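Protein chains in written order, with our numbering: chain A, 1 to 121; chain B, 1 to 171.
The hints are simulated quantities; they were obtained by calculation from the structure and are not laboratory data.
Since this is a predicted model, take the numbers as computed values, not measurements.
C-beta: ideal position from N, C-alpha, C; glycine also.
Nothing false has been slipped in among the hints.
Listed next, with one range per pair, are the computed distances between beta-carbon atoms:
#1 B:GLN96 with A:SER17: 51 to 59 Å
#2 B:GLY72 with A:LYS65: 54 to 62 Å
#3 A:ARG30 with B:VAL129: 40 to 48 Å
#4 A:SER17 with B:ARG70: 53 to 61 Å
With the Cβ distance kept under 8 Å, some of the chain B side facing chain A (calculated, not the full set):
#5 VAL26
#6 VAL39
#7 LEU48
#8 ARG51
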Amino acid sequence: MVQYMTTRLDTSFAALSDATRRGVLEQLGRADASITDLAETFRMTLTGMKKHVGVLEQAGLVSTKKIGRVRTCQLGPRRLEEETVWLERYRQRWDERFDELDKVVEELTRKEKSDERKNRK
Amino acid sequence: MNARIESEPGAVKNRTTVERKSDREVVVTRTINGPARIVFEAFSKAELLKRWWVPKSMGMTLLSCEVDARVGGKYRLVFDAVPEPAAFFGTYVEVQPYSRLAWTNDEGGEGGSVTTVTFEEKGGKTLVVLRESYPTKEALDAAGTGAADAMVETFDQLDELLVALGESSGQ
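Start from the sequences, fold in the hints, and give me the full structure.
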């Protein structure tokens, strides 16, 4: 899990290391936009913009959706994933604890039952 | 990541669920195979608590465990951590035998979280509902154990950076 997140973080930082890509994020923070719009705004070729959006998409910072012939970009799902990762880590910690608790309680319950049987004899 | 969740071992194992109820509150539930009286004791007696509170997978060793489960009573758990031992401590604020326990977590200074546990017995098994309430969203976000926490904090910093970038361009 830590390794997964580290990789993810590296990808995020790499994605943010470029001024154009930071600009694209700012732009998408205001409104969704097509790759053509973005290419025009940043005065670059469609191919060049596609590459930048690809890097941001890989980092989960941007997601894209093709509607007809137009590919629309919006801010990505990364926040939601963080939440999921956090909750799952929390769940695992308690799950491991409760597994151990189960063992202790089962042992005590068994012991108590066998003591009761002995007492009745 | 999903594969890991689904491939958990254990034939007869009850599910642990976690739900974030609000920005400041998380609720954990789990059914334990035994009567409430015994589960309650496992929570409130040091010699039992130390047998399960720190599973091996946590990568930490419990150096000492003191528990005085009475209203106003204290607990103190010391872990063998790097670079120096880490202590977790607080005060019991509610103790209702076999049904309810609540304690404060004071290691973080003032305004720490409060943990409330209820025990509900059904057919010889006990439903444990554990609620952790934090004073702020930030405190909850930062909670947990292990190295992965630093990652969450780093992500928060990344978010702040993105917000800052968004603000600076909006003018």
